[in-house]
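Starting from the given sequences, assemble the full structure and let the hints guide the process.
One letter stands for each residue in the lines below.
There are 2 protein chains.
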Amino acid sequence: MRALTMDYQLTVPAILRRTEALYASKPVVSRRADRTLHRYTYGECLTRAKRLAAALRRLGVGPGDRVATLCWNHHQHLEAYFGVCLSGAVLHTLNLRLHPDDLAYIARHAGDSVLIVDRSLWPLWEKFRERTWVRHAIVVDAAGDVPEGAHDYERLVADADERAFAFAEPDEDDAVAMCYTTGTTGRPKGVVYSHRAIVLHSLACAMADAFGVTERDSVLPVVPMFHANAWGLPFICALTGAGLVMPGPHLDPRSLLELLAAERVTVTAGVPTIWLGILYTLDELAGQGRADAYDLSRLRVMLVGGAAAPESMIRGFQERHGLAVLHAWGMTEMAPVGTVGTLPSEVLSQPPDAQFAYRARQGRPAAFVEIRARGGDGLVPWDGATMGELEVRGAWVAGAYYESDDDVSRFTDDGWFRTGDIVTIDQRGTITVQDRAKDLIKSGGEWISSVALESALAGHPAVAEAAVVSVPHPEWLERPLAVVVLKSGRTATADELIAHLAPHFPKWWLPDEVAFVDAIPKTSVGKYLKSALRERFRERAGVR
Amino acid sequence: MRALTMDYQLTVPAILRRTEALYASKPVVSRRADRTLHRYTYGECLTRAKRLAAALRRLGVGPGDRVATLCWNHHQHLEAYFGVCLSGAVLHTLNLRLHPDDLAYIARHAGDSVLIVDRSLWPLWEKFRERTWVRHAIVVDAAGDVPEGAHDYERLVADADERAFAFAEPDEDDAVAMCYTTGTTGRPKGVVYSHRAIVLHSLACAMADAFGVTERDSVLPVVPMFHANAWGLPFICALTGAGLVMPGPHLDPRSLLELLAAERVTVTAGVPTIWLGILYTLDELAGQGRADAYDLSRLRVMLVGGAAAPESMIRGFQERHGLAVLHAWGMTEMAPVGTVGTLPSEVLSQPPDAQFAYRARQGRPAAFVEIRARGGDGLVPWDGATMGELEVRGAWVAGAYYESDDDVSRFTDDGWFRTGDIVTIDQRGTITVQDRAKDLIKSGGEWISSVALESALAGHPAVAEAAVVSVPHPEWLERPLAVVVLKSGRTATADELIAHLAPHFPKWWLPDEVAFVDAIPKTSVGKYLKSALRERFRERAGVR
Numbered sequence: 048m049r050a051l052t053m054d055y056q057l058t059v060p061a062i063l064r065r066t067e068a069l070y071a072s073k074p075v076v077s078r079r080a081d082r083t084l085h086r087y088t089y090g091e092c093l094t095r096a097k098r099l100a101a102a103l104r105r106l107g108v109g110p111g112d113r114v115a116t117l118c119w120n121h122h123q124h125l126e127a128y129f130g131v132c133l134s135g136a137v138l139h140t141l142n143l144r145l146h147p148d149d150l151a152y153i154a155r156h157a158g159d160s161v162l163i164v165d166r167s168l169w170p171l172w173e174k175f176r177e178r179t180w181v182r183h184a185i186v187v188d189a190a191g192d193v194p195e196g197a198h199d200y201e202r203l204v205a206d207a208d209e210r211a212f213a214f215a216e217p218d219e220d221d222a223v224a225m226c227y228t229t230g231t232t233g234r235p236k237g238v239v240y241s242h243r244a245i246v247l248h249s250l251a252c253a254m255a256d257a258f259g260v261t262e263r264d265s266v267l268p269v270v271p272m273f274h275a276n277a278w279g280l281p282f283i284c285a286l287t288g289a290g291l292v293m294p295g296p297h298l299d300p301r302s303l304l305e306l307l308a309a310e311r312v313t314v315t316a317g318v319p320t321i322w323l324g325i326l327y328t329l330d331e332l333a334g335q336g337r338a339d340a341y342d343l344s345r346l347r348v349m350l351v352g353g354a355a356a357p358e359s360m361i362r363g364f365q366e367r368h369g370l371a372v373l374h375a376w377g378m379t380e381m382a383p384v385g386t387v388g389t390l391p392s393e394v395l396s397q398p399p400d401a402q403f404a405y406r407a408r409q410g411r412p413a414a415f416v417e418i419r420a421r422g423g424d425g426l427v428p429w430d431g432a433t434m435g436e437l438e439v440r441g442a443w444v445a446g447a448y449y450e451s452d453d454d455v456s457r458f459t460d461d462g463w464f465r466t467g468d469i470v471t472i473d474q475r476g477t478i479t480v481q482d483r484a485k486d487l488i489k490s491g492g493e494w495i496s497s498v499a500l501e502s503a504l505a506g507h508p509a510v511a512e513a514a515v516v517s518v519p520h521p522e523w524l525e526r527p528l529a530v531v532v533l534k535s536g537r538t539a540t541a542d543e544l545i546a547h548l549a550p551h552f553p554k555w556w557l558p559d560e561v562a563f564v565d566a567i568p569k570t571s572v573g574k575y576l577k578s579a580l581r582e583r584f585r586e587r588a589g590v591r
Numbered sequence: 048m049r050a051l052t053m054d055y056q057l058t059v060p061a062i063l064r065r066t067e068a069l070y071a072s073k074p075v076v077s078r079r080a081d082r083t084l085h086r087y088t089y090g091e092c093l094t095r096a097k098r099l100a101a102a103l104r105r106l107g108v109g110p111g112d113r114v115a116t117l118c119w120n121h122h123q124h125l126e127a128y129f130g131v132c133l134s135g136a137v138l139h140t141l142n143l144r145l146h147p148d149d150l151a152y153i154a155r156h157a158g159d160s161v162l163i164v165d166r167s168l169w170p171l172w173e174k175f176r177e178r179t180w181v182r183h184a185i186v187v188d189a190a191g192d193v194p195e196g197a198h199d200y201e202r203l204v205a206d207a208d209e210r211a212f213a214f215a216e217p218d219e220d221d222a223v224a225m226c227y228t229t230g231t232t233g234r235p236k237g238v239v240y241s242h243r244a245i246v247l248h249s250l251a252c253a254m255a256d257a258f259g260v261t262e263r264d265s266v267l268p269v270v271p272m273f274h275a276n277a278w279g280l281p282f283i284c285a286l287t288g289a290g291l292v293m294p295g296p297h298l299d300p301r302s303l304l305e306l307l308a309a310e311r312v313t314v315t316a317g318v319p320t321i322w323l324g325i326l327y328t329l330d331e332l333a334g335q336g337r338a339d340a341y342d343l344s345r346l347r348v349m350l351v352g353g354a355a356a357p358e359s360m361i362r363g364f365q366e367r368h369g370l371a372v373l374h375a376w377g378m379t380e381m382a383p384v385g386t387v388g389t390l391p392s393e394v395l396s397q398p399p400d401a402q403f404a405y406r407a408r409q410g411r412p413a414a415f416v417e418i419r420a421r422g423g424d425g426l427v428p429w430d431g432a433t434m435g436e437l438e439v440r441g442a443w444v445a446g447a448y449y450e451s452d453d454d455v456s457r458f459t460d461d462g463w464f465r466t467g468d469i470v471t472i473d474q475r476g477t478i479t480v481q482d483r484a485k486d487l488i489k490s491g492g493e494w495i496s497s498v499a500l501e502s503a504l505a506g507h508p509a510v511a512e513a514a515v516v517s518v519p520h521p522e523w524l525e526r527p528l529a530v531v532v533l534k535s536g537r538t539a540t541a542d543e544l545i546a547h548l549a550p551h552f553p554k555w556w557l558p559d560e561v562a563f564v565d566a567i568p569k570t571s572v573g574k575y576l577k578s579a580l581r582e583r584f585r586e587r588a589g590v591r
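Protein chains in written order, with the working numbering: chain A, 48 to 591; chain B, 48 to 591.
Incorrect hints may appear among the rest.
To be verified - Now the stretches of chain B that chain A is said to cover, found in silico as 3 or more residues with beta-carbon under 8 Å:
#1 53 to 67
#2 79 to 90
#3 99 to 109
#4 390 to 398
#5 434 to 442
#6 492 to 504
As the list claims (entries may be wrong) - Which bits of chain B does chain A cover? Going by a derived footprint, with three or more residues having C-beta under 8 Å, they are:
#7 241 to 250
#8 446 to 453
Hints in this document: simulated from the structure, not taken from any laboratory.
Everything numeric in this text was worked out from a predicted model, so none of it was measured.
C-beta atoms are modelled at their ideal positions from N, C-alpha and C, and glycine is treated no differently.
Below, the structure is given as structure tokens:
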């Protein structure tokens, strides 16, 4: 029996109709490259987004064409998010931290035909433009200095008339955005999001038990709009009417703290390295008796994801500064949110230590995301102890990569996506990420979690950063090695660090050796580049 | 360009897979007819629901077949909600307050083939069973007294094996539930909900800015599960893992207060008459120095809908008892939630009087519900003053009635649903329901809002209930007449009541006459039956 519900398509334009009808007066703030603040409303943003859509149409952009961006987080990038979607084209955010060779491959593979680029990033663009199909480059914040052959973003928007433009009425299964993975092995792979995926992701993330974003919130995404849709926050804010604050290129702790305080931000989101920098600065200020330098009393949640946040960091924010960190986990293939670490009622009644331990996990699946984990003997039990590769399916999970033949290895026969993350799942459905599959350490036939060791090392007062990688071993095949960056002015010996770990792990998990380095190499999205560490330290195996 | 997102169907079984995986240990409490409490978990509920599904299949129920319920709010009704959905059949809730003739029409029109009925309601069932197509009646809470020819619910569930049963994997556009409207004019009309409609309604209602239900909540729906899906709360709770408390047939204020306190309820929902009774009881207790008789400190929101709640009631709860009432508006045709009265940030910064005035309105549209209002000259401006008939479209709005030829008049040419409610819409998109279209009073060519007059009359200390209806008038065609029930032991004259209204309305809005009565007739869902009042008072026109 068929139901008799209206045919109502779940599209980004449907989100934006709501923004315009209900939230036109809500603020959008962004920091310019010159550090001044640009301030307007969703209503003004949407008018300009519509003009951009009209201008793109005039440049020959048709439905389904790819329009790339190469921009920091700012209001013109937001206009591009909305305007490209409204035009019926596909928004393709390019990651400005990638190597030009990768950017060339990605822009060409995606078939980008138009590029919107920050003036400050033009030199980067020049390094790969010849290797793409891009016909038009549109320059943001040119301030009169428009490179030859390029379009001035401001002029295009000023000259367009949003009223003379018939907006696309896409099908919910049409593509609305693309993003490429930044795997450390193999070619980047393209993920193509449907309107429906973005809408359902936004709805689920806006649930009270997920991010709980409301019209009363002021949201600052530190996470880049140039990767994984800034965790979907631009769309979530447009749906809920939350104010949006964008930091531009200024991601240092002082700049962020200033913005968090001045704009009375309530929700912010970033990777662990960003928050570690902020925590260090807040501790330093407190040590100088200036704990009140920034008023963060409005800040109710700091979302952290992209990598595991050490428990010591979560504790430090809560105990020393009264700030709540909320863990989430996701992937480019998941738009990107997969799990959120909101405390279950049962855990809320436990003592603080148990709560902190829970908060260091990655949480439970968002609504309409389903999880399971597979070990050598099939699906693993939800016992919080047995490791397996996490598999997911759900309403916004990729079902294939764009023009790729890598699909076979990443999807199961029954249609689940293999995440490549090694996890345990507890009885409540909470995942704890133990490792990337490719970073796993298998010693004497047993798995060792590098993530757990790293989180514990990060809790030592002298440690700034720590990565644990496998090195070859004649007897055990692989053994863990810790690579550590000490805080400036602090000292610690290898023995002290191992002793710090010893109470918390089986003896055979403890690294055989600690290598002290000045810096740990990172990927374009701030994760440890462990392949480089393994290469560098492959001869260091031995018994401590 | 098509997106590459997984095909993931938005179905009630997908909600229930989540409930089982994450929330199996959360509590479900319900009050039996004998006032004792039944207590178990979602896990146990789902096991029984699956057995019910298996039992239905054995009785010959196939995909799309209609299974009716005639039950109060209790755990077996919840099992039927879930079990019928899991079996692939369509859940059809019958309103036990309807006349047997209407029930006969509805059950026959829907083609119900199986009925699940409370033992206490068997006498009602006997009054119309012969006029339906129902082949099997299943009796709940029979306690050994199973009428001849009927099945015992407990035995059916006990005998079934949930493991031997292949669950339906419906398409999201398949029908999952039906409900008939209870209009006071014309035949009841059937609304057929899709899985997708229930899922999207649940997601949007769980948003932090809507009902904001979380896993930490304990939810008591006073609104009946036999009409409009108890505002979707059974599905919303299953999705979010909130505990569920059901009152059975005991809806008197003392029984409800006892349950709200004992089960530490955080969210409850009901029609204004229910809350007026509760407020009266709380005031009475406070007057006796027993304000602490029931500990309601956990109760964070009392949802009210189904009719306009008077501002005086909202104020009374907040100012005298610290309890927050949240207005919502909806219709059977909307699954049922359309708007929610959460305060916008802008209003939160206004003085209490402005906030109370806002809270007496019906609120702003839920996500993926769109609104507009049409007057004599086309769509009306969003100025908070111009009245028009509310039209809606959205992701869970009915697109047609079940086997009805009444569709033409209720849907616009461009596919919006005409609600029959006369509203104003303010600049923020907040609706204020002024009247049902058929109850409108048009005096001298201008509309008068009976709802506004009724809410103001309800604020007079002597008034228990007030309805305002139109009566014919030789000069103005129609004039308003107030029908008032006084509180026991209180007095007020017509002149006093008119004087109470005078400061708040144009002079020509004031009723010409006040009729004092013992009771106002109501519909099966507790709304004033104004057609009966108009009939009774049609000769009372005149100049005061």
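Broken hints, by number: Structure breaks hints 2, 3, 6.
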